[in-house]
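Novice: Chains as they are written, first to last, in this note's numbering: chain A, 6 to 289; chain B, 47 to 416; chain C, 87 to 318.
Calculated directly from the structure, the hints in this document are not laboratory data. Keep in mind that the hints are not guaranteed to be accurate.
Each computed DSS-like pair below joins lysine-lysine, with the alpha-carbon atoms no more than 25 Å apart [what the hints assert, rightly or not]:
no., chain 1, residue 1, chain 2, residue 2
1, C, 268, A, 35
2, C, 236, A, 270
3, B, 158, C, 236
4, B, 158, B, 297
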Amino acid sequence: MKRLLCGLFIACALLFATAAGAQQTPAWQKNIILATTTSTQDSGLLDVLIPLFEKKTGYFVKTIAVGSGQAMVMGQKGEADVLLVHSPDAEETFMAAGCGVNRRLVMHNDFVVVGPAADRARIRGMTSSTAAFRRIAGAQALFMSRGDNSGTHAKERTIWKITGIAPEGQKWYRQTGLGMGQTLNVASEKQAYTLADRGTYLALKKRLDLAILVEGDRDLLNIYHVIEVNPAMWPKVNAGGAKAFADFMVSPETQAVIKALGVDKFGSPLFFPDAGKRVEDLGE
Amino acid sequence: MSRAGAVIEGRSLRVIRGGSVIVDVPSLTVEEGEVLSLIGPNGAGKTTLLQTVSYLTKPFEGDLFFRGRKVGPECPVLTYRRAIAMVFQEPLLFDATVFENVASGLKIRGMKRVPIRQAVAESLSRFGISHLSDRSARSLSGGEAQRTSLARAFAIRPDILLLDEPFASLDPRSREPLIEDIQAVVRSTGTTAVFVTHDLMESVRLSDRIAVMDRGRILQAGPPEEVLNAPVDEFVASFVGAGTMLKGRIKKSGPDTVTVSVSDREVESAGFFPVGSHVILYIRPENVTLSAQAGTIREDGGPVTSARNVFPGTVTRVTPMGFYQKVGLDCGFPLVSYVTMQSRELLKLAEGRRVTVSFKATAVHVIRKD
Amino acid sequence: MELIVEGIRKAFWLLVTGDPEVIGITLLSLRVSGLATLVSLVIGVAAGTLVALTRFPGRGFVVSLINTGMGLPPVVVGLFVTILLWRSGPLGFLGMLYTPGAMILAQTVIATPIVMGITLAAMQQLPKKLRLQILALGATRLQLVWILTKEARLLLLAAVMAGFGGVISEVGASIMVGGNIKGYSRVLTTATVMEASRGNFDTAIALGIILLVLAFAVNLVLTHIQQKERPR
Numbered sequence: 006m007k008r009l010l011c012g013l014f015i016a017c018a019l020l021f022a023t024a025a026g027a028q029q030t031p032a033w034q035k036n037i038i039l040a041t042t043t044s045t046q047d048s049g050l051l052d053v054l055i056p057l058f059e060k061k062t063g064y065f066v067k068t069i070a071v072g073s074g075q076a077m078v079m080g081q082k083g084e085a086d087v088l089l090v091h092s093p094d095a096e097e098t099f100m101a102a103g104c105g106v107n108r109r110l111v112m113h114n115d116f117v118v119v120g121p122a123a124d125r126a127r128i129r130g131m132t133s134s135t136a137a138f139r140r141i142a143g144a145q146a147l148f149m150s151r152g153d154n155s156g157t158h159a160k161e162r163t164i165w166k167i168t169g170i171a172p173e174g175q176k177w178y179r180q181t182g183l184g185m186g187q188t189l190n191v192a193s194e195k196q197a198y199t200l201a202d203r204g205t206y207l208a209l210k211k212r213l214d215l216a217i218l219v220e221g222d223r224d225l226l227n228i229y230h231v232i233e234v235n236p237a238m239w240p241k242v243n244a245g246g247a248k249a250f251a252d253f254m255v256s257p258e259t260q261a262v263i264k265a266l267g268v269d270k271f272g273s274p275l276f277f278p279d280a281g282k283r284v285e286d287l288g289e
Numbered sequence: 047m048s049r050a051g052a053v054i055e056g057r058s059l060r061v062i063r064g065g066s067v068i069v070d071v072p073s074l075t076v077e078e079g080e081v082l083s084l085i086g087p088n089g090a091g092k093t094t095l096l097q098t099v100s101y102l103t104k105p106f107e108g109d110l111f112f113r114g115r116k117v118g119p120e121c122p123v124l125t126y127r128r129a130i131a132m133v134f135q136e137p138l139l140f141d142a143t144v145f146e147n148v149a150s151g152l153k154i155r156g157m158k159r160v161p162i163r164q165a166v167a168e169s170l171s172r173f174g175i176s177h178l179s180d181r182s183a184r185s186l187s188g189g190e191a192q193r194t195s196l197a198r199a200f201a202i203r204p205d206i207l208l209l210d211e212p213f214a215s216l217d218p219r220s221r222e223p224l225i226e227d228i229q230a231v232v233r234s235t236g237t238t239a240v241f242v243t244h245d246l247m248e249s250v251r252l253s254d255r256i257a258v259m260d261r262g263r264i265l266q267a268g269p270p271e272e273v274l275n276a277p278v279d280e281f282v283a284s285f286v287g288a289g290t291m292l293k294g295r296i297k298k299s300g301p302d303t304v305t306v307s308v309s310d311r312e313v314e315s316a317g318f319f320p321v322g323s324h325v326i327l328y329i330r331p332e333n334v335t336l337s338a339q340a341g342t343i344r345e346d347g348g349p350v351t352s353a354r355n356v357f358p359g360t361v362t363r364v365t366p367m368g369f370y371q372k373v374g375l376d377c378g379f380p381l382v383s384y385v386t387m388q389s390r391e392l393l394k395l396a397e398g399r400r401v402t403v404s405f406k407a408t409a410v411h412v413i414r415k416d
Numbered sequence: 087m088e089l090i091v092e093g094i095r096k097a098f099w100l101l102v103t104g105d106p107e108v109i110g111i112t113l114l115s116l117r118v119s120g121l122a123t124l125v126s127l128v129i130g131v132a133a134g135t136l137v138a139l140t141r142f143p144g145r146g147f148v149v150s151l152i153n154t155g156m157g158l159p160p161v162v163v164g165l166f167v168t169i170l171l172w173r174s175g176p177l178g179f180l181g182m183l184y185t186p187g188a189m190i191l192a193q194t195v196i197a198t199p200i201v202m203g204i205t206l207a208a209m210q211q212l213p214k215k216l217r218l219q220i221l222a223l224g225a226t227r228l229q230l231v232w233i234l235t236k237e238a239r240l241l242l243l244a245a246v247m248a249g250f251g252g253v254i255s256e257v258g259a260s261i262m263v264g265g266n267i268k269g270y271s272r273v274l275t276t277a278t279v280m281e282a283s284r285g286n287f288d289t290a291i292a293l294g295i296i297l298l299v300l301a302f303a304v305n306l307v308l309t310h311i312q313q314k315e316r317p318r
């Protein structure tokens, strides 16, 4: 029995010792809660940018990667300090409700419509995403939607709205509720069409049995903004930290890093820096 | 104030559960160095009384005094509990070695390791289990386990030892040696003890006093001979097995004897009762003597003189009872006698045999029946 | 199938090369779940023993609650803890959301009913008269509880193993209250989910295998202790 107690004591000591070696919890004011989307995290962009920011300013950034939808709800409730999202319509609603300040354009990349090489709906090479979607609906070809209120899902819904077709509930339209990577895997497995951001698709291309069928349409632009949560509405937010992060994202040094990301790995950059530009000027 | 020499004194002890009275004992005393046994049928409240005395059953009404101080206000319960030791029917050993089990009471009292070792060794050897010191408690036989439980109780040198049917779950082979060992230890250490049993012979062997209980009450408490030979009422008598019970009426009342008419015979008995009273007579079978012919030799060759009660009788039945023979007789009233096997051979006792039955007036115990 | 083989190979490689991120994640898993199990051990054994040994009105109801609590879905616990720790929540002033501390809290809530339930059963299956015997030996209340705990130690060790198993493998609460922040609140389970959702199945499998190995190693030690305590 004594040995049992000794063992227990040693276990406690070890656990607390490892605690000492782990990262210390920073002070309250130095914490920033960044609500962002899975695509910015999955692309590896934040893995590069966050350490730079932290080293430069001494802030500790808690990156909570959820869908754009959830990120904005967090902002609405004051549970996040700054948002980095890509769901323009929802963002505008957000700003109109007075939930955010200083909405600034950061970067963009684009979506692509991918699908099986067999291309039953024959959309390969089309330049209009809406026309491609119409053909998919017409052919009743299997289409995978993320269905999770993410920025990608929002973009997809926008395109469907333009076509005037309501795909929900139809047999060929499936909602996975999963992240981009997983949805691509499911689409590949089932040889279905789907809408994906270029970055994630490129990262997984080797393992997927899907090809890019439609790209370059202006409607397929995926635009990222950084929004600071309104401190007037939520006094508890770290307004100083939020501003520091937002400033950082649009600063020239950061924009240069964004421009360079992914070039050596994929041949083309994952994101295109756009700070200071107007949305209307984007895309060619 | 309580009597000097009394280790435990209980006053107005009552335990009531679910509306029924489990224990109702106005007065109970346990003297220093004595062994008191509580006997009675199932449900008599013996175990509950014992648990009350050990302050393990709560709540109970009444007061308990330990060496003159009231347990509770004057004597802290913990102090009292540490002065007693209790052994149950099951050994209730801990999942550890025999040594650790026996030491547990001492460890609870904060004794240090070296004195513990000595005390435990002594206790183990008293009960003959020194060789089992390092064995796991789970590997012991029933008898060994109960010895361990007793050694555990003794190790703390209790002021009073309480035992709740300690031999009940042992087979006869293990029981005998253990009863002897307990007797030896209790006598040599002069330990005060109270034990509950339903085995009359056990209590006769081990106790200085026997208390007979029924339905929560102590009907009679006294030395074994007193309880056995002079049961105070029908219940006690039947419980201790008086042998013969006869109904009669006082016919004559002399200076120190009475004549009782039973059926159409007359029995002489010691005692004083008014003429005409209805009584019950108890005669222990060991005190009823048989001989082959009236007026001549008895078994041991002596004259049939000192017995006042002599009757011719017929054997109705002979039942072997292990060490003795139980002989049912008809002398105009039924009578039971115990004889040895040799006597049976000698007297050629069999159903229908005519014999002479005699018993002393002092062997007849009379209780008034009103 | 080859995915699994790839996963095993990757797991091995990650461990052997001592990939710092993976080591960090593993140690954090161990630390968070270990501390949660420890705290739940103390609370669970104390509370379970209390309920087992005392009589009070509504006891049956409480026991049912505990037994139900043994199967609490971690994600539901995560949800409730998140709501408590939000800035707008009652415990918001602690600023604990998205920290390993919050994960330890949530996992303690998950593990405590498990430990309590098994302790309750362990104590109740001790012979009823044993309690009287211990009191008759002159034990104080505290000594009584200590001795009964020692008597039930085999089952209590099983309770620890069950509690640990329940939290080392949970992801619902950890993701919600921890936020899966790289290098800070990312543990094996949340990292596995993240890698799977990205489509990096080989990494996900590798992390899963490492998790299994970790759980196995801890249980190996605990089982060894438990079996040593068995009587000869």
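Novice: If a hint holds in the structure, say so; if it doesn't, say that too.
Specialist: Comparing the hints with the structure gives:
Distance hint between residue 268 of chain C and residue 35 of chain A is fulfilled; the C-alpha atoms sit about 17 Å from each other, no more than 25 Å. For the suggested pair residue 236 of chain C and residue 270 of chain A, the alpha carbons sit about 61 Å apart, so the restraint of at most 25 Å is broken. Restraint check for residue 158 of chain B and residue 236 of chain C: satisfied, since their Cα atoms lie roughly 20 Å apart, inside the 25 Å limit. The straight-line distance between the Cα atoms of residue 158 of chain B and residue 297 of chain B is roughly 73 Å, outside the 25 Å bound, and the hint therefore fails.
Checked against the numbered hints given earlier, the structure breaks hints 2 and 4 and satisfies all the rest.
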